[in-house]
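**Q** Respectively, the protein sequence lines represent chains A and B.
To convert, note that position 69 of the first sequence is 185 in the working numbering; the numbers rise steadily by one, no gaps.
To convert, note that position 84 of the second sequence is 271 in the working numbering; the numbers rise steadily by one, no gaps.
Certain hints may be false.
Only pairs whose alpha carbons sit at most 27 Å apart, straight line, appear in this in silico BS3-like list of lysine-lysine [to be verified]:
{"hint": "1", "chain 1": "A", "residue 1": "171", "chain 2": "B", "residue 2": "260"}
{"hint": "2", "chain 1": "B", "residue 1": "231", "chain 2": "B", "residue 2": "292"}
{"hint": "3", "chain 1": "B", "residue 1": "392", "chain 2": "B", "residue 2": "292"}
{"hint": "4", "chain 1": "A", "residue 1": "309", "chain 2": "B", "residue 2": "392"}
Some chain A residues judged to face chain B by a derived CB distance under 10 Å, without partners named [to be verified]:
{"hint": "5", "residue": "139"}
{"hint": "6", "residue": "151"}
{"hint": "7", "residue": "248"}
{"hint": "8", "residue": "304"}
{"hint": "9", "residue": "348"}
{"hint": "10", "residue": "361"}
{"hint": "11", "residue": "363"}
{"hint": "12", "residue": "369"}
{"hint": "13", "residue": "379"}
Hints were generated in silico from the structure; no laboratory data involved.
Glycine residues also receive a C-beta, built at the ideal position from the N, C-alpha and C atoms.
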Amino acid sequence: MEAVIVPPKRVKRKSGAGLFLSPAVIILLIWSLIPLVLTLWYSFQNYNLVDPTLKGFAGFSNYIYLLTDPDFLYSLFNTILLVLGVLVISVGGGILLAILYDQDFWGRGIARVLVISPFFVMPTVSALLWKNLMLHPIYGVYSAFMRGIGLQPIDWLAHYPMQTVMMIVAWEWLPFAVLILLTAVQSLDHEQKEAARMDGAGPFARFRYIILPHLSRAITVVIMIETIYLLTVFAEISVTTSGGPGIASTNLAFLIFSRALQQFDIGGASAGGVIAIIIANIIAAFLVRAVARNLEA
Amino acid sequence: MTYLPRRITGISRSILCSCQCLPRGGALLLGVPAAYSMAFFPGKRTRGTLLWMLSTRMLPPVGVLVPVYLIAKSTHLLDTVIGLAIINMLTNLPIIVWMLYTFFKEVPVPILEAGRMDGANRWQEISIVLLPLALPGIASTALLSLILCWNEAFWSLNLTSSNAAPLASFIASFSSPEGLFFAKLSAASTLAVAPILIFGWFSQKQLVRGLTFGAVK
Numbered sequence: 117m118e119a120v121i122v123p124p125k126r127v128k129r130k131s132g133a134g135l136f137l138s139p140a141v142i143i144l145l146i147w148s149l150i151p152l153v154l155t156l157w158y159s160f161q162n163y164n165l166v167d168p169t170l171k172g173f174a175g176f177s178n179y180i181y182l183l184t185d186p187d188f189l190y191s192l193f194n195t196i197l198l199v200l201g202v203l204v205i206s207v208g209g210g211i212l213l214a215i216l217y218d219q220d221f222w223g224r225g226i227a228r229v230l231v232i233s234p235f236f237v238m239p240t241v242s243a244l245l246w247k248n249l250m251l252h253p254i255y256g257v258y259s260a261f262m263r264g265i266g267l268q269p270i271d272w273l274a275h276y277p278m279q280t281v282m283m284i285v286a287w288e289w290l291p292f293a294v295l296i297l298l299t300a301v302q303s304l305d306h307e308q309k310e311a312a313r314m315d316g317a318g319p320f321a322r323f324r325y326i327i328l329p330h331l332s333r334a335i336t337v338v339i340m341i342e343t344i345y346l347l348t349v350f351a352e353i354s355v356t357t358s359g360g361p362g363i364a365s366t367n368l369a370f371l372i373f374s375r376a377l378q379q380f381d382i383g384g385a386s387a388g389g390v391i392a393i394i395i396a397n398i399i400a401a402f403l404v405r406a407v408a409r410n411l412e413a
Numbered sequence: 188m189t190y191l192p193r194r195i196t197g198i199s200r201s202i203l204c205s206c207q208c209l210p211r212g213g214a215l216l217l218g219v220p221a222a223y224s225m226a227f228f229p230g231k232r233t234r235g236t237l238l239w240m241l242s243t244r245m246l247p248p249v250g251v252l253v254p255v256y257l258i259a260k261s262t263h264l265l266d267t268v269i270g271l272a273i274i275n276m277l278t279n280l281p282i283i284v285w286m287l288y289t290f291f292k293e294v295p296v297p298i299l300e301a302g303r304m305d306g307a308n309r310w311q312e313i314s315i316v317l318l319p320l321a322l323p324g325i326a327s328t329a330l331l332s333l334i335l336c337w338n339e340a341f342w343s344l345n346l347t348s349s350n351a352a353p354l355a356s357f358i359a360s361f362s363s364p365e366g367l368f369f370a371k372l373s374a375a376s377t378l379a380v381a382p383i384l385i386f387g388w389f390s391q392k393q394l395v396r397g398l399t400f401g402a403v404k
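Using the sequences plus the hints, can you model the full thing?
**A** This is the structure we're talking about:
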């Protein structure tokens, strides 16, 4: 007699499982849809808290006003500048530092902890410390140093506001890139590098043909996650320059904030919000696809 | 001397809001069942649901600032600890579900099935079998959400002013010339940074996974 061993079928208890999932899904649906719909709605309305007589459907006038506003274009330019600048610094520096910290050297553990620390510092704190302790034109460490060697210190935040904000933000995000890229570098099989070395590949060739391809996925992830956060940098600008002088360091996030909560133009701010969402969604689509690929693997 | 009480309430609020009995507890309460159901009972729509949750996190907060502000104002949640805690919970829920999902995926299914054979109902299966097995993962999930909430600045700066301002907003008030009192600034900054820095050092590995949604391990 042949014993047929039937593998036990996985018991399907779907009805219960859906019940477990629904609270989280429903709450997230509410959270993501209602504000989105309201933003869209407001963006087509004449709605200004200062002027209650101005009411009703506005058509595309909020968008037209925004898109022809030089402030908006300038802030869009600043946003792109900030994103690209910080990306170049943090990814470029991140790759170099990750490879450096992959080497064995004395005190690596502590050095590694220190290099990723700025990422954990509260953004308002780091912005404030840079503004007041480091770069203050009279009391700052930097100006003391410049005077010490007999030079005139520059008031960075007044003369180069956007570049300075970019530097502060890069200081926060470089550690993030190092953290992710270092983890990726360390997952590389050492025997592979060893084999390449035996075959006579120099350090540069090993970097170009082994390390960089291995890192490509991590680099993609870093670029996309950073882009999403960098598009909406707010705290650093609010604390250091408040978007000024003038609008020199206003990015899209800060422009929307000041439209809504300083000028009370709800309609215009909502139109800006819709544009910000569209830009972010284009990037998010790529990121979600990259993560989805990983989900299958 | 108004400085000291203000500082102390700032810290206690940060602990309330970010150390979050509320947001973290609430999000875990919602997140554990959701992650459980998706990890062990995957259906046709599971993948889509997971990615959709991820995409809600990609929504730029500034895009929905106006309606959230107005809703908070009309429900009297503006400038309250509860209001900020709810926002923090909602913004962190997707990340929590994702991280829990990747951790639950690593729990071997036969163990859960054995529990079921022994007559454990759904609730016992989660609380007695699954949660102890996944405890390290749950702990690091909680830690990541703690770090994110503690440092969260956008909603804190925009939705709170005096009554519910957590540390992030309190520190931001130093951007006036008050910030030139270096001793005070340094003390407040150290207090704001130290706890998270220590947590961060201990959880680097898990952070990478959480921050990249499992794309880099």
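**Q** Going straight from one Cα to the other, do residue 231(B) and residue 292(B) come out at no more than 27 Å?
**A** holds (17 Å)
**Q** When the nearest CB of chain B is found for residue 304(A), is that gap smaller than 10 Å?
**A** Not OK, violated: residue 304(A) not within 10 Å of chain B, min 12 Å.
**Q** Can you verify the interface hint for residue 363(A): is its Cβ closer than 10 Å to any Cβ in chain B?
**A** Interface hint status for residue 363(A): violated (16 Å vs cutoff 10 Å).
**Q** Hint check: is the beta carbon of residue 151(A) less than 10 Å from a beta carbon of chain B?
**A** holds (4 Å)
**Q** Is the interface hint for residue 369(A) satisfied, with its Cβ closer than 10 Å to some Cβ of chain B?
**A** holds (4 Å)
**Q** Does residue 309(A) pair with residue 392(B) here, judged by a C-alpha cut-off of 27 Å?
**A** Given that 27 Å is the threshold and the Cα spacing comes to 23 Å, the pair holds.
**Q** Taking the least C-beta to C-beta distance, is residue 379(A) closer than 10 Å to chain B?
**A** violated (12 Å)
**Q** Can you verify the interface hint for residue 248(A): is its Cβ closer than 10 Å to any Cβ in chain B?
**A** Hint on residue 248(A): holds, closest Cβ of chain B at ~4 Å, below 10 Å.
**Q** Hint check: is the beta carbon of residue 348(A) less than 10 Å from a beta carbon of chain B?
**A** Holds, about 5 Å.
**Q** Can the restraint linking residue 392(B) and residue 292(B) be considered satisfied, given a maximum Cα separation of 27 Å?
**A** holds (18 Å)
**Q** Is the interface hint for residue 361(A) satisfied, with its Cβ closer than 10 Å to some Cβ of chain B?
**A** It is violated, given that the least Cβ distance between residue 361(A) and chain B is near 15 Å, above 10 Å.
**Q** Please verify whether residue 171(A) and residue 260(B) have alpha carbons no more than 27 Å apart.
**A** holds (20 Å)
When held up to the earlier numbered hints, the structure conflicts with 8, 10, 11, 13 and fits the remainder.
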